[in-house]
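S.K.: Read off the chains here:
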Amino acid sequence: MEIGIGHYLILSGILFSIGFVGVLRRKNLLMLFFATEIMLNAVNIAFAAIGNYYGDLSGQMFAFFIIAVAASEVAVGLGLLIILYKKYGSLDLDVISTMKG
Amino acid sequence: MYEFVAFYIFAIATTILFLITVMSKNVLYSMTSLAAGMVLISGLFFLLGADFLGVVQLIVYVGAVMALYAFAMMFFDATKDVKEKHGNSALVFLLGGLMALVFVVMFSAPIIGENIQALYPVGLAENLGASGNSQDVGLVLFTKYLVPFEVAAVMLLVAMIAGIILAGKKMDYSLTECEASDEELKQEIKKEEV
Amino acid sequence: MENLVYIALFAPFVGSLFAGLFFARSPKTHLVGVVNSTLIGIAFIAAVTLALHVAEHGAVHVTMMSWISAGDLSIPFGFLVDEVSVTMMLVVTLVSTIVHIYSTGYMDHDRAYNRFFAYLSAFVFSMMILVMSDNFAGLFIGWEGVGVCSWLLIGFWYHKEDRPFEENPSISPSWAANEAFIMNRVADLGMLVGIFLIYWNVGSLQYDVVFKALPHLADGLLVSIAIALFIGAMGKSAQFPLHTWLTDAMEGPTPVSALIHAATMVTAGVFLVIRANPLYSLDAVHEVSMFIASLGAFVAFYAASMALSARDIKRIVALSTLSQLGYMFAAAGLGAYWIALFHLAAHAFFKALLFLGAGNVMHAMDDELDIFKMGGMKKVMMGSYIYMGIASFALAGLPVMAGFYSKDAIIETAFNDGSYIIWAILVITAGMTAFYSFRQVFFTFHGEERYKALGFHPHDMYKYVLVAMAPLAVLAISFGWFMENFHEFITKNLPDYEMSHTTHHWAWLLGSLVIVLAVTGIIIAYKKYAGKGPNAWKRDEEFEQSFIYKLVENQYYVPKFYDEFIVQPYTIASKKFWEIDKAVVDGFVDLIGKMSYKSGDVSRGMQTGSLSAYLNWMGVGALLLIVAAAITALIG
Amino acid sequence: MDHILSILIFFPAIAGILGFVVDKDSAKAYGVSVAAVELLLALGLWASFDITNPGMQFTEFSPIISQFGISYNVGVDGISLFIVIMAALITLLGIVLLREDTKNMKNMIVSLLFLEMTMVGVFLSLDAIIFYLFWELSLVPMLYIVGAWGGPDRVYAAVKFFLYTFAGSLIMLVGLLAMAYLFHLESGVWTFNLLDWYTLKLTSNQQFWLFLAFFAGFAIKVPMFPFHTWLPWAHGQAPTIGSVILAAVLLKMGTYGFVRFSLPILPDASVTFTPFIMALSLIMVIYTAMVAFAQKDMKQVIAYSSVSHMGIIMIGVFAMNAEGLGGSIFLMLSHGIVSGALFMLVGVIYERTGTKIMEEFGGLAAVMPVYATIFGVMLMASVGLPLTIGFVGEFLVLLGFYKVSAVGTILAGTTIIIGSVYMLALFKKSFFGPLKHEKNLGLKDLDKRELTALLPLVAIVVWLGVYPKPILEPIDNSAKALLVQMENHSQLESTKEAIIVSKKEVK
Amino acid sequence: MFIDPKNITMDVLNLTTLMPMLIAIGGGLVILTIDLIKENIHKSLYVMLTILILVIDLGATLGLNFGPNEKGFFDVMLIDGLSILSQILVLVASGLFIPLALTSKRFHEYSYPEFFALFLFMIAGFQFMVSSDNLILIFIGLETASLSLYTLIAMHNRHNSFEASVKYFTMGALAAGFFTMGSAILYGISGSLELYQIAPAIQSRMGEPGMMMFLLGGAGLLLTAFAFKLSLFPFHTWAPDVYEGASAPLAGYMSVVPKVAAFVVSMRIFEMFIELQIEWVQTIIIILAVLTMTLANLMALVQEDVKRMLAYSSISHAGFVMVAIALATEKANTGIFLYYALFMFTNLGAFAMLWVSRHKNRIHHARYDHPYEKFSGMVKIMPMGAVVMGLFMLSLAGVPPFSVFWGKVYLMSATIDAGHIGLAIIMGLNSAIAAYYYLKLIVYMFLREPTAQVTEETTYYNVSKPLLTILGLAVFVTVGSIFYVDPLIEYITEMMRATNFGI
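Protein chains in written order, with our numbering: chain F, 7 to 107; chain Z, 43 to 236; chain P, -11 to 624; chain D, 940 to 1446; chain S, 23 to 525.
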């Protein structure tokens, strides 16, 4: 019952897909952002696992930077959400659809 | 065996928690399960020997990011259940399932190459007499990845500025939609200052 | 001599320009008539001089300049004055001169007097090119040129309204003009094909070169050339089935009919066959020649039959022209080219005279054409009466008259050739000719004075016009007397046609037979139409309802046939094509545009504005890529 | 005279730019003088043209994009010389014919001058890309002219014209680029120089596809059936001057393209495609002539007749013998003159009555005799009467085509019948018969301005009909040279057989 | 290859490679500092300062040594021809678009110096992105630039712009997920994050079972991410909305600079795959390119708003250029830059014209700022403006001799050279479809009568001298392109030869 890299990667893939489903089905922007966080986390697992099995640090590095990016995105994203909420009074995606065609 | 048990516990738990995040109608549940899931992921990192990463995950994600989300949630007064219209849930799950299937199929193949030499092997710091993941990470981060690190700093600065501008007062009054000319605006601003 | 050639050729052209450029917009100017008549007269004198020269020294051949040269083709403006062309020139210029003079009187009251002379002289010019050219392309220039002038002159009174076919079989002058032009063009295509065939197989269009090369060509080719050229001739000479335009062409002023549609242009076809005699006398094309002769005989009879019942004075003359053209073709087809040419000339004289006489009548009757409305006019129009009488005698082929010699010769030829059917037709036709021409004379000049009831006050033409017509009358009587001289002159160039002994033997009998038939025709006509008082002619309503009468009156339904089976289908097809063009061809293009636009409209539907949808699109896209990747990897 | 071709091309453009500054009221005078100078220049070119030399003359060459083998390369031979002169002439006369009260006269003049540049440029370019450049650019002023001064559906017509031709020429562009690539493969050099391309021998398969690509561009421009439907629209809606230039010059670009590109570069494919082109052309000749007959609008009749005549030109181009090719080039000129004049004439009556529907007229000959006369002359030239300009080309083309196909010639020859059918019907409906409307009684005959524009054309129609030699000779020389070049360049025996430079040699 | 910390020398670091980015970042900080010191300084100072910094940056970029293996900072930086070229393009475009801030009317974003600081950070981000073949740095650079860009869009401060920003942001986050996942797979295969090491690793492992799956999967994921950035179908959905929501200068900017940066990275990544003989990538890219240009063109046909139309047209142009990546030849790569260099000026002009006529109220249409009606009869009101806009439209349509034509020809030629004749024809036909909507604007401007709302006042609303200068420059470059295309091709080709494409 050896846990190999495959396990981690499959887990990563599954979590990624869960995040993907979330992105596709969420209509609330805030919760949609959660889903993107899940995706990034899933990738982090993959990076950490691969790095571990190669005994290489680059994977961890990438994961580290992904966390940084995620944090930045949250900052910007929340800023946007706030201003959007102020203007539209809602975070529902269907409301924010004045531009189309 | 220990790894086996730990992995499956973490794996199953995160999967369930993230599923809750994605499926729950309640923002609070959703967010809480997300935070919990992330904590568990840091456990996976520890399992994988990425101690530093695990810590960062805990601090940055669970500490900072989740705090931000929580703050935002309060701002949006989103404690109530969220009503979402799902037009084609089945399709979404089908797509997600398909995606997962492809990943499973893909990752069942061996990905690790036999002949690949690690470029920045774990245990770098051993040569210097020190030990532990943090030092290794530090060593690589501040040599090889110094530039990305600095750029990340800029990125965070950008994010900060962006957050300040977007959420701050500056956006409350739109100059774009104001018909007044520059001169008139100056007068107005001066009046306000006075 | 060169100068004379150019004078003969260009004098009419100068006249046309003179009238057209300087006087086209001015009111009637007598000067134009005088000048143009004089110029044509000069051309005539030049032609006479040339004729004398040719008789003495042989043909004159001049090349003015090159016209088209491209590839190996080189066409010059070259003119050949030999026995054949000089005969034509004489005929053309003489008749033209007289018609010009006649027109100064006839067109006296017309607003467009000057324009008329411009056209008329232009016609003479074109006709001169036609007969004088030394190559087929030059012939074609004249060929088309006379076509256009004919178009202009038929449609001279273009302002007249279209009337339905039942009222006026030729609808209107402009309609008739177009019909003539288009029908001629049909034939011209044949002629063009003939020219192309000649060029690609001989390499030149010069008569001399071509005729020299003819014997070396393949038989089938010769037949094709002969047929193609004859198709051209059929159009100009109004042979069946391209004959309907000629009767309709009577919409033009009568001098035009006299000059163009009797004496000169319509004989161009005959001239072409005569010109191309080296081709048509070849054994290889014997069948074609026989066809020409047969067609000629048929047309002679066919036209004569229609003339029997016609009421329109000009139509009768036109149909007789058609009939006589048939005679000419019969002769030419049988190889008696010089006889054809002789009849051509004789016919030109008496037919022009006949037309001009008819013109006098019309002039007197305020352009009334219906002979049923005339009668007994000899009292008021003695001069015209005499002229028309002479012309009719000539046409009927009574002894001494010109027509007697020429027509008799043709009939003899048919007999001599052993083509007894043709001979029989021609003989019968001769009788019919006498009948209908005198029917017309008697209707017009004898019998009850029907016109009085209708309020006409006829008076004869100006004296000088009548005097001017005299040469024609003289020639109509006497031209036949010079047959031997002509024969001697022309056979230098054209092949002689020798009658066999048998024919010589029977000649007197054949001649008498024709004379008897002609006289019989005249007598019947006199009995029927010349009576006065109780003997006066009455309409036979019953006969007019009979099938034969209807058939003949409606020109054997040929115009109707053309209308229903060519004109109308063409019009309908054109309209349908236009609709197809709009709906299908253009519609298809528009459809592409509309489809693009529509698909743009449809695909913009994916841009719902909802972020959720966008994410779905992106997700689907990503998934498709990955699934495609997986499948590709698994398969290969 | 070293740079006369460049001067010819760019003089109108520079004048056009300067034209922006000219006062509105003197715009027409400015236009006339510029166009007149251009015509004089073109005539000067003719005067110094060496008639005996069938090759390119006055060539100028300077690389522009040497990395990609594009260079400014112009030259003139007997084929292009007269088209250029005609373009200059038609532009001049078209401007002369413009009414003083045309709205936005200045814009009109400027567009026309730019159009003139592009037209002259197309015919003088010897570099494929420069050719393409002028080719495309010519669409723009024309779009504006049709769209701004046209009839009620002008925008639709203008856009259709633009897009249709643009689409075709883009496919042609692909062909040009492919050709350059093939040349590059062969020689290692990038070049779009036509004269270089003439030396390249291509396989039949390559020629086949390249021919199709070129065909797309040229056929739409010609316009060949079934790509012709933009033309009636464009003509129907365009202002007089637009129709005149469109019919007289722009359409010739298509046939010129076939002569300059398809034939010499792709001789084998040209011969292979001959039956196809012939079939289309015959349909074009007969079908569009019939459609023309069904028209009610005088201008549409002439528009469709243009298509029909272009069919004859196409036939001549692909007859592959000196008679046909020379004839079709001559016919391009004569059709330019005649159709230009006819469109001018339609414009004249349209200006007076505000309608082009034939049934509205009738009896015009009595009211406007001079007009009717000139119309009649042009009509006769259009139906190919000997001793008018129309005959020479048509005769030569049919003559040349006879060698290719006798049946085809008879079918094509029906043009002289059905051509006269619709033209005479037009003439009869409009000019003959009684006057339809009282108001037409007061119509004025041609005035000085109109006569100035039309009489030169009448003179040319007669002059070149009687004495075509001055222009037929250089055309013939160049046409023969082109055929010789084709023959030398072809690889298939069947091609060599099909090409007849001089049948004396063949015998 | 581990570098001992002790032995690090300045030579190895090659610090100068960082100069351009540092200048931009430093410039951004300077602007922030100035704002700290004194508030309410007129925007023109910041604009000029930004231009100045960009000029210095450009100078620094041009001063760099470059070559296929010119690396710096532990091989993280890669200064090859591609990098230099794209940096030049980015900087020049930025320098040309930023003066559009100097309008006569006041707009929200330009009133705050943060805009200019973020602008410079964004440029730095792009510069990092293009001058590295390390996936981490590419990712970080990309995110830095993107986050700045999202903010810049939102700073226009209208309903539209927030919506646009949020859409762009959210999809960008998703794309980031795909990018990282793709990178993870590449990392898994090769154990490296540097393309020049990944390539040989892949090559050596190509035959292994299941490897194709990873390769194609990774390529697919990365392609998704870059297809989003390059707005390829079906990942383009953000583009029209973002163009509509963003201010005209920014929209124009987005149609050039981020795309150039994304193209550079795509060239580095996908041409590696293609050169490894993985045909699937080529096929998929061609399919995407064809779909993109065709569908975007079709959708552009039905637009009512010029800016939105231009958005679709930019998508279509991107699809057109994408073909070059599938070809992966030197000529095609040259073509990409030639195309964008030429396209830049035309688009600059077109968007500047929109900006000139930008009105604060939507007087012509309830939703759109630049509906077609706004331009009807423009030739009567501002003839020069109409002529200039007409020229830009013709250029975009690919009418010779205007600038975009040469790019089109060059790319089509490259396509033909690579043997894809059918593709070249599709490209040609697409240009024909595209001509319709460009013509539509010309038709409105030249062939229609002005509506009641269209007056000199409304069309010249936002005009100012700097804007006119920029317009003049754009016209000049667009029209005179025939004269400088040759040296441009030569320079780009030279740069391409000094480029390291991984293998």
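None of these hints come from the bench; they were simulated from the model.
Treat the hints with caution; some may be incorrect.
As the list claims (entries may be wrong) - Cut-off 25 Å, straight-line C-alpha distance, at most; resulting in silico cross-link-like pairs (DMTMM-like, lysine to aspartate or glutamate):
1. K92(F) to D119(Z)
2. K106(F) to E126(Z)
3. K125(Z) to D98(F)
4. K148(P) to D355(P)
5. K93(F) to D123(Z)
6. K212(Z) to E516(S)
7. K127(S) to D214(Z)
8. K1378(D) to D355(P)
9. K451(P) to D196(P)
10. K1408(D) to D196(P)
S.K.: Next, verify each hint and record whether it holds.
M.R.: A quick look at each hint next to the structure:
no., hint, result
1, K92(F) to D119(Z), "holds, 12 Å"
2, K106(F) to E126(Z), "holds, 21 Å"
3, K125(Z) to D98(F), "holds, 9 Å"
4, K148(P) to D355(P), "holds, 13 Å"
5, K93(F) to D123(Z), "holds, 22 Å"
6, K212(Z) to E516(S), "violated, 47 Å"
7, K127(S) to D214(Z), "holds, 19 Å"
8, K1378(D) to D355(P), "violated, 30 Å"
9, K451(P) to D196(P), "violated, 47 Å"
10, K1408(D) to D196(P), "holds, 24 Å"
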